[in-house]
Amino acid sequence: MDTDESSDDDQQPQRGRNTRKQQQQQQFVKQRRRAHAAAAAATAAEESEDVMDEGDQHDDDEGQNASGSDQEEGLRSAGRQLRSAGTPLKNAPQPQPSQPQPKPRRRAATKQCTRQPEDVTRLLPPGLDEEMLRATQRFSLLFHGCGSKRALLHAFAAEALTDGGVLAIRGHMPGVTSKAVLAAVAAALAHKAARGASHDELLATIQAEPAGRRLYVILHNIDGPGLRSPEDQLWLGRLAQCPNVHLAASVDHVNAALLWDARACARFRWLWVEAPTYAAYEDETRDVPPLLTSCLQSSSKRGAATVLGTLVSSARAVFRVLAEHQLADPGAGGASQGLLFRMCRERFILNSEQALRSHLVEFRDHELVRGTPGPDGGELLYIPMEPDALRQVLEEMEGGGGGGGARGG
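If you read the sequence shown in the UniProt record's numbering, its first letter stands for residue 1, the second for the next number, and so on.
Hints in this document: simulated from the structure, not taken from any laboratory. Predicted model, so just to flag it, every value in this text is computed and none were measured. Wrong hints could be hidden among the right ones.
What the hints assert, rightly or not - Restraint ranges, calculated between C-beta atoms of paired labels, are given here:
id: 1; residue 1: Q241; residue 2: G374; range: 36 to 44 Å
id: 2; residue 1: R138; residue 2: D261; range: 42 to 50 Å
id: 3; residue 1: C146; residue 2: P174; range: 17 to 25 Å
id: 4; residue 1: S352; residue 2: T285; range: 29 to 37 Å
id: 5; residue 1: F348; residue 2: T285; range: 29 to 37 Å
id: 6; residue 1: F348; residue 2: E274; range: 40 to 48 Å
Using N, Cα and C, we set each Cβ at its ideal position, and we do this for glycine too.
Make the full structure from the sequences, and use the hints.
As structure tokens, this is what we get:
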């Protein structure tokens with residue numbers, strides 16, 4: 001009995017030591033599990049950051065939050081499985097965090113801003129070329145939408161408008177007016193130049209051509225700076241009414257529809273065609289003066305009007321003759337002094353070259369007139385202004401009574 005009691009007494013300390021050892025092992029296992037879970041969470045966070053860096057930088061915050069919640073849920077689920085199975089830590093399966101699915105990049109879905117010329121006709125619905133070809137016999141086509149429509153109109157003319165002549169006019173060019181458009185159409189139909197003719201004469205020449213001679217006029221930017229006045233739109237509307245002329249035009253200004261009232265729309269018989277190309281306005285902006293140049297032109301226009309108001313009537317008349325010649329023939333580059341004197345003498349403005357030279361000296365001093373070498377070695381005189389600014393100066397002179405033809409010299 002004593003032996004049994006002594007053995008029980010000896011086993012009690014041994015059991016206590018085993019219990020403490022088991023508790024320490026369990027506590028150690030719990031600590032290792034927590035450390036392992038924390039390390040796995042850190043690894044998953046680093047992997048998610050790498051995936052986001054390689055993916056699109058413009059993903060929404062909602063997708064990131066959803067991915068983070070999926071990772072945390074996966075870690076918690078793996079931890080519950082380990083605790084329920086009682087698997088030793090060294091043999092425990094590694095928790096696999098759920099990988100976030102990369103979202104499609106927004107750049108891939110972005111619509112291209114430029115199109116090749118061979119692709120522009122695909123913007124039109126199938127079979128619309130034939131429909132518009134039939135419509136051009138009764139209506140005028142007006143293409144509108146974001147982007148340059150120059151290549152689209154050229155491709156449409158090459159593929160659909162094959163039963164007549166095609167005349168393309170860039171209405172956004174400086175100096176293009178309704179008279180220039182009528183002159184180009186009359187020259188294309190009559191096969192001869194019609195310089196110096198009025199609007200009525202040009203329109204009569206166009207109407208006199210037989211109706212069988214069909215001409216398609218492609219007018220880029222009918223809302224151009226030189227075509228926006230009601231008078232210009234009136235003459236263009238009368239051109240559209242000619243039976244042998246068929247008009248297809250484009251507009252780019254957001255308020256282009258305000259150019260026409262009910263009567264003007266009835267003359268044009270517009271058929272609006274929506275054709276957004278999203279192409280760059282390269283050709284349209286090539287001839288647009290920069291902001292600094294336009295400001296200088298405005299300043300020179302005001303300065304010219306002020307200086308002309310202080311000159312004698314004969315000097316103002318000489319300036320008008322040179323300005324009208326420059327606007328009528330912009331490709332000439334100017335007028336020689338001899339030509340300017342002959343034009344002034346025909347209008348009974350001057351009767352001596354000495355008087356003309358004195359006026360030219362005054363013009364040069366005020367920078368109203370400049371000289372440039374001509375093709376024959378002589379000097380060509382020109383007014384350093386844009387056509388629109390020069391027309392406005394002449395209108396102000398006409399309104400102020402500065403266009404008198406008093407004899408000088």
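Holds or violated: 17 to 25 Å for the Cβ distance of C146 and P174? holds (24 Å)
Range hint 40 to 48 Å: satisfied by the CB atoms of F348 and E274? At roughly 57 Å between Cβ atoms, E274 and F348 fall outside 40 to 48 Å, so the hint is violated.
Does the beta carbon distance between Q241 and G374 stay inside 36 to 44 Å, or does it fall outside? Cβ of Q241 to Cβ of G374: about 42 Å, so the range 36 to 44 Å holds.
Quick check: does the Cβ-Cβ distance between R138 and D261 fall within 42 to 50 Å? This hint is violated: roughly 21 Å between Cβ atoms.
Range hint 29 to 37 Å (beta carbons of F348 and T285) holds or violated: violated (45 Å)
Regarding S352 and T285, is the given constraint of 29 to 37 Å on their beta-carbon distance met? violated (47 Å)
Violated hints, in rising order: 2, 4, 5, 6; the structure is consistent with all others.
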